[in-house]
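Grab the two chains, each in its own frame, and use the hints to assemble them into the complex.
Line by line, the protein sequences are chains A and B.
Every letter in the first sequence is one number past the one before it in our numbering, and letter 114, counting from 1, is 114.
Every letter in the second sequence is one number past the one before it in our numbering, and letter 242, counting from 1, is 242.
No lab work stands behind these hints, which were simulated from the structure alone.
Positions of the beta carbon are idealized from the N, C-alpha and C atoms, including for glycine.
Errors might be hidden in some of the hints.
Said to hold, decoys possible - Quick partial rundown of chain A residues pointing at chain B, CB under 8 Å, derived from the structure:
(1) Phe-97
(2) Pro-108
(3) Thr-138
(4) Met-141
(5) Cys-235
(6) Ile-237
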Amino acid sequence: MKSSRFDATVLTLGFAFLYIPIIILVVYSFNASRLVTVWGGFSLHWYQTMWSNEGLMDAAWVTARVGVISATIGTVLGTLAALTLVRFSRFPGRMLFSGMIYAPLVMPEVITGLSMLLLFVAVGVDRGFWTVIIAHTTFTMCYVAIVVQSRLLTFDRSLEEAALDLGCPPVKTFFTITLPLIFPAVVAGWMLAFTLSLDDLVISSFTTGPGATTLPIKIYSQVRLGVTPEINAICTILIGLVTIGVIIASISTKRAELRRQQDEHLAVGRGAT
Amino acid sequence: MAAVSEARSDENASPFRWLVVVLPYVWLLLFFVAPFLIILKISLSDTAISQPPYTPLFQGFGALSDFLAQLDFENYLFLTDDPLYIQSYLSSLRIAFISTVLLLLIGYPIALAMARAPLAIRPTLVMLVILPFWTSFLIRVYAWIGILKPDGLLTLLLHSIGLLGPEDQVQIFRTDYAVFVGIVYSYLPFMVLPLYSALEKMDNSLIEAANDLGCPPLKAFWRITFPLSLPGVIAGSMICFIPITGEFVIPDLLGGADTLMIGKTLWTEFFGNRDWPLASSVAVILLIMLVVPIMIFQNQQKKVA
Numbered sequence: 001m002k003s004s005r006f007d008a009t010v011l012t013l014g015f016a017f018l019y020i021p022i023i024i025l026v027v028y029s030f031n032a033s034r035l036v037t038v039w040g041g042f043s044l045h046w047y048q049t050m051w052s053n054e055g056l057m058d059a060a061w062v063t064a065r066v067g068v069i070s071a072t073i074g075t076v077l078g079t080l081a082a083l084t085l086v087r088f089s090r091f092p093g094r095m096l097f098s099g100m101i102y103a104p105l106v107m108p109e110v111i112t113g114l115s116m117l118l119l120f121v122a123v124g125v126d127r128g129f130w131t132v133i134i135a136h137t138t139f140t141m142c143y144v145a146i147v148v149q150s151r152l153l154t155f156d157r158s159l160e161e162a163a164l165d166l167g168c169p170p171v172k173t174f175f176t177i178t179l180p181l182i183f184p185a186v187v188a189g190w191m192l193a194f195t196l197s198l199d200d201l202v203i204s205s206f207t208t209g210p211g212a213t214t215l216p217i218k219i220y221s222q223v224r225l226g227v228t229p230e231i232n233a234i235c236t237i238l239i240g241l242v243t244i245g246v247i248i249a250s251i252s253t254k255r256a257e258l259r260r261q262q263d264e265h266l267a268v269g270r271g272a273t
Numbered sequence: 001m002a003a004v005s006e007a008r009s010d011e012n013a014s015p016f017r018w019l020v021v022v023l024p025y026v027w028l029l030l031f032f033v034a035p036f037l038i039i040l041k042i043s044l045s046d047t048a049i050s051q052p053p054y055t056p057l058f059q060g061f062g063a064l065s066d067f068l069a070q071l072d073f074e075n076y077l078f079l080t081d082d083p084l085y086i087q088s089y090l091s092s093l094r095i096a097f098i099s100t101v102l103l104l105l106i107g108y109p110i111a112l113a114m115a116r117a118p119l120a121i122r123p124t125l126v127m128l129v130i131l132p133f134w135t136s137f138l139i140r141v142y143a144w145i146g147i148l149k150p151d152g153l154l155t156l157l158l159h160s161i162g163l164l165g166p167e168d169q170v171q172i173f174r175t176d177y178a179v180f181v182g183i184v185y186s187y188l189p190f191m192v193l194p195l196y197s198a199l200e201k202m203d204n205s206l207i208e209a210a211n212d213l214g215c216p217p218l219k220a221f222w223r224i225t226f227p228l229s230l231p232g233v234i235a236g237s238m239i240c241f242i243p244i245t246g247e248f249v250i251p252d253l254l255g256g257a258d259t260l261m262i263g264k265t266l267w268t269e270f271f272g273n274r275d276w277p278l279a280s281s282v283a284v285i286l287l288i289m290l291v292v293p294i295m296i297f298q299n300q301q302k303k304v305a
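Isolated chain B, as found in the complex (with noise of 0.2 Å):
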């Protein structure tokens, strides 16, 4: 703005002017900023028996050094002893990579697929890919339980084809295997996307040239496609990873008992056993294991804005 600013001075005595950029700032600060702000304090809290269930810790600004004598890290002391908890958050991080890597070895060939398509029918595909993701994600993960489920959809036509006996089912419904089918379903538009619009940038006579030049089309892929392609793979691979990370829908409606997901884990804390100072130390610990992420994906962000 400052170069435009000074040639219009007379702009920045508007009111409005301000208004721009103080609305969104104080809402953001008010309902994204404070309540992380909250979910530190508490996850430093005693669990109490009441409604809330935790001890206030912070009565006016005079009682500030009580406050600090409050403080204690009992709830993270805890997250420690228990293994559950770290089980958890190794499970997510293991859930996450792999399903990540999937997504990439799915989407990769669909990105460049369309990237490569005739120009008329790319916004077709593009629309193709988006389409899905309007439809809830609650719905399309719910349908693959019909499918999944052992008397369900795969193990009929398995069945009817008979690459499986009368008397087998598929058991994959309620096992790490069905999150991964259900994480990778769901993200896949989040990954071809951000793939697409590098690949389909790429000045396609640097591959011509190499194509001339006697490079084989892999040894070309490796050395040209690729590389040109990696903001592409780092974006796609922040937007799918992160959420994964946290995420509760696919591993409870999918994923067996057994399936540990920290999302979960969190869900199961608040909800179910009501401790919601313990639950808030999970939420901190969770997200100081995504801040380099985070940091990665926003710096990408911001080289494309």
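So that you can see chain A by itself, here it is in the shape it has in the complex (with noise of 0.2 Å):
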């Protein structure tokens, strides 16, 4: 077997790569030296002065509120356009539609946050916090639209069809059965919209205005002038959080699914007797 253990090699150093660096930065983060490569002892002071760092927890509120809203109404436009992609196959601008879904994901961020800013300056809005919102629940609506779609495609209607027959209206059957067979996939497009949105630096300077500082646009502005500790120790929390978030999405989807096949081999068990 030369090939599996080509494999294992190749696997072995692709997550090495991908992973030594994130890695170094959480080890560092703990470093009492000030120097990057001089390891002075553990240490939670970096920890200490990323608390009292106003300007950067300030940061941090903007970007956990810019998230959750922005996060929350991709969520619903993203699952109706996923809708609209999957169930309707008919109506004026359907491509123009479908490809306005598509382009977001690879649109260089440059050109969205620069075409963003325009508009706002057109329209003479004030650049601030509501701003950052529209930016990325425009972007991050294309995201969750993906994921919906991809759990539409594979949807068994015939549930749905029994409620319509059986005299359900449109509206009930879409909240008391296709919601939650889709729910897994709506609650992943909103991880995946609230992820892209607390990363984004570019579009968020664009669109940002005063009092509207993102912990991103501060990281960037803080490692231009040379890395400091104190942005390991945030980087660090950011990557707790994301890992605690993912695993415990992951842990209740699994179980999800384990329940939904027990309920099956129950229903099947019942129905052969």
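Below is the structure:
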């Protein structure tokens, strides 16, 4: 089995490449020394200075609010867009619509950011918190649409049809049948939207205004001045939060899947007897 | 919908039904399409030292003839005059192309190894590829500064294993090489996942048949595996190539002063020189350059959907 040894080597090297920089960053956030290359012993000093850095904390708070609001609006719009893509095969401008969903996924951020900014200036809106939210909602809804769309494509429509045949109104059918069934994808879409919003530097920089400095903007301006262990500390906290979130999400989807399988077995078993 | 809506024409009466289409449609028209029309308009207007720093072009529908008379291609002519812009475009395309090839060379073996791994551990492997993507892009690029700096960890490592003399330092940081490292690192999951999903679907018995008939493994790979994974290769290459061309963060943080990329030039033109019309024309040309790859990407996505 020469090829399996080759595969194992490739995977080990690949994952080492992906993870070592992040691990180094986390380890050095606990470094007592200010120098990146000198290990001065374990210390939580940088977490303390980070905590008392008001500018950084304000930015974190703005980022969290922008993330929650834009991910929520983006998830609603993205889910509707996914329904449109899968369930409505013919309406005027369908080509344009699917183009508008796929294009932002690959569009260079400098173009999206600049064009958004010019729109806000043209209509005379003051840039700030809400303009960042509109910009984030616009690009995150497309990611949500793709995630939910893939779930809708494998969706068994017979349940929906049964409800409709039995006289359930379409809106009620959506909320009692369709939505619960696609809910894991909707949640995954929300999480993706939230992390994309947390992460965004370029589009935020173009669309932000006074009082709406987000964490990536803050981190970027400090990184330009040089590497500081304080930034390592805040990055470590962000990585920790995201890792916990992803683990919880994967465990809960696995549990839901297991429960669904058990229910199915139960139902089939009852049907047989 | 055509077939289904015939069966349930009563559903069409629901006003909510159309809300499903109209809400996202209007949002995207307002905040994605309209901004592009504005960017196009401003790229054709004159620079003015005011706030906003361009002369307003469009003042109501009555002034349409004035509007047309005012349009000029001054900014575009300026772009062709100054070699900086042409060099930035060419350099962006070059860096994006080399990075995409590197990503394919590194990503393909990883995706292939994942697809050949035992079924039980595949979801874990996919998860391990996705996980770094969930951590901030900026943080991941920043992590490389500490490694690649002349007095950084790479120099330290090479000193300790004796590959580098004690006086020498690794001179990668603030060069194009560092940009390639940053790009390959940041975009690797985007390349691996489409490749993996194409390779995973492949029927293994084809390779077995080829082996049984005496085809050498390498030849079997080029004749069977690679052609069948081509949709993944195209999707992965487009997902990487298009955004890399307009990349700003990586060349700005890891690249040197001589690393020309159009995203960086646009950013400087906008935030540094405050020349909005020129920045807009830079963006319009970048968009025109990317129309063909974007079309390829969309076709690929529609086929998958």
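Hints, one by one, checked against the model:
no., hint, result
1, Phe-97, "holds (6 Å)"
2, Pro-108, "holds (2 Å)"
3, Thr-138, "holds (4 Å)"
4, Met-141, "holds (7 Å)"
5, Cys-235, "holds (4 Å)"
6, Ile-237, "violated (11 Å)"
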